[in-house]
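Engineer: So you can see what is in the structure, the chains are spelled out below.
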Amino acid sequence: AQSVTQPDIHITVSEGASLELRCNYSYGATPYLFWYVQSPGQGLQLLLKYFSGDTLVQGIKGFEAEFKRSQSSFNLRKPSVHWSDAAEYFCAVDFTGGGNKLTFGTGTQLKVEL
Amino acid sequence: NAGVTQTPKFQVLKTGQSMTLQCAQDMNHEYMSWYRQDPGMGLRLIHYSVGAGITDQGEVPNGYNVSRSTTEDFPLRLLSAAPSQTSVYFCASSPWGGGEGNQPQHFGDGTRLSIL
Numbered sequence: 026a027q028s029v030t031q032p033d034i035h036i037t038v039s040e041g042a043s044l045e046l047r048c049n050y051s052y053g054a055t056p057y058l059f060w061y062v063q064s065p066g067q068g069l070q071l072l073l074k075y076f077s078g079d080t081l082v083q084g085i086k087g088f089e090a091e092f093k094r095s096q097s098s099f100n101l102r103k104p105s106v107h108w109s110d111a112a113e114y115f116c117a118v119d120f121t122g123g124g125n126k127l128t129f130g131t132g133t134q135l136k137v138e139l
Numbered sequence: 042n043a044g045v046t047q048t049p050k051f052q053v054l055k056t057g058q059s060m061t062l063q064c065a066q067d068m069n070h071e072y073m074s075w076y077r078q079d080p081g082m083g084l085r086l087i088h089y090s091v092g093a094g095i096t097d098q099g100e101v102p103n104g105y106n107v108s109r110s111t112t113e114d115f116p117l118r119l120l121s122a123a124p125s126q127t128s129v130y131f132c133a134s135s136p137w138g139g140g141e142g143n144q145p146q147h148f149g150d151g152t153r154l155s156i157l
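Here the protein sequences line up with chains A and B, keeping their order.
Note that the first sequence ends on residue 139 in this note's numbering; no numbers are left out.
Note that the second sequence ends on residue 157 in this note's numbering; no numbers are left out.
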């Protein structure tokens, strides 16, 4: 079955440190890939997306992600974390090709220490 | 421009009661969907619609009904609520179609539902 794995349930980083959140998916072809962020009590906000082309994509709030076909991965990165980045992050994949039917990972809760 | 609006934001039901969660979008999006979010499980697709009059099941459809009579509205019905349906429900919308120009889903702020 198609699945999305976020192996880190919780991550704690110091403010100003770099961040990498991992995401792997099981699928043969290249799906559509997304990262969303959710603040407490809020809906989901799109950080970035990958459909095709350049495998390094830039998003909002200084985030970027790199698609690696050989590893079936789409890891999210940020060079310097701010306290306001504390939230839950979800990797989502559309295996159907339409960009509209998402399978989500279980999420990574990010805590930022001041 | 309100985006995706969900009502109510909070609701408590008793087992066996029925309820409709409302979702409306003002972006003229063809595609709408309902997800439920449970701790440690991410979001799971319940039902989706690719346009007025067309709906289909997602990953966890049991216990839920949907209909899509207009482009704007996509209500989710619980006919006989069960404690296992305690969750946070999110509605999302997007333009239909694939391709690099397609925009991904816009999410509402969620409805927190408790079934006693």
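Any given hint might turn out to be false.
Interface residues of chain B toward chain A, partial, derived using beta-carbon atoms under 10 Å [what the hints assert, rightly or not]:
hint: 1; residue: A43
hint: 2; residue: V45
hint: 3; residue: P49
hint: 4; residue: Y76
hint: 5; residue: A133
hint: 6; residue: S135
hint: 7; residue: H147
hint: 8; residue: G151
Calculated from the structure, these hints are not laboratory results.
We treat Cβ as the ideally placed atom computed from N, Cα and C, and that holds for glycine.
Engineer: With reference to the structure, classify each hint as holding or not holding.
Structural biologist: Here's how the hints hold up against the structure:
1. Restraint check, B:A43 versus chain A: the minimum CB separation of about 13 Å is more than 10 Å; hint violated.
2. Checking B:V45 against chain A by beta carbon gives a least distance of about 8 Å; that is within 10 Å, so the hint holds.
3. Because the beta carbon of B:P49 sits about 14 Å from the nearest beta carbon in chain A, more than 10 Å, this interface hint is broken.
4. Evaluation of the B:Y76 hint against chain A yields a held restraint, the C-beta minimum of about 8 Å falling below 10 Å.
5. Below 10 Å, beta-carbon pairs count as interface contacts, and B:A133 has one with chain A at about 8 Å; its hint therefore holds.
6. Given the 10 Å rule on beta carbons, the hint for B:S135 holds: about 5 Å separates it from the nearest Cβ of chain A.
7. Annotation: interface hint on B:H147 holds; nearest CB of chain A at approximately 8 Å, less than 10 Å.
8. A distance limit of 10 Å between C-beta atoms decides the matter here; for B:G151 the minimum to chain A is near 6 Å, and the interface restraint holds.
When held up to the earlier numbered hints, the structure conflicts with 1 and 3 and fits the remainder.
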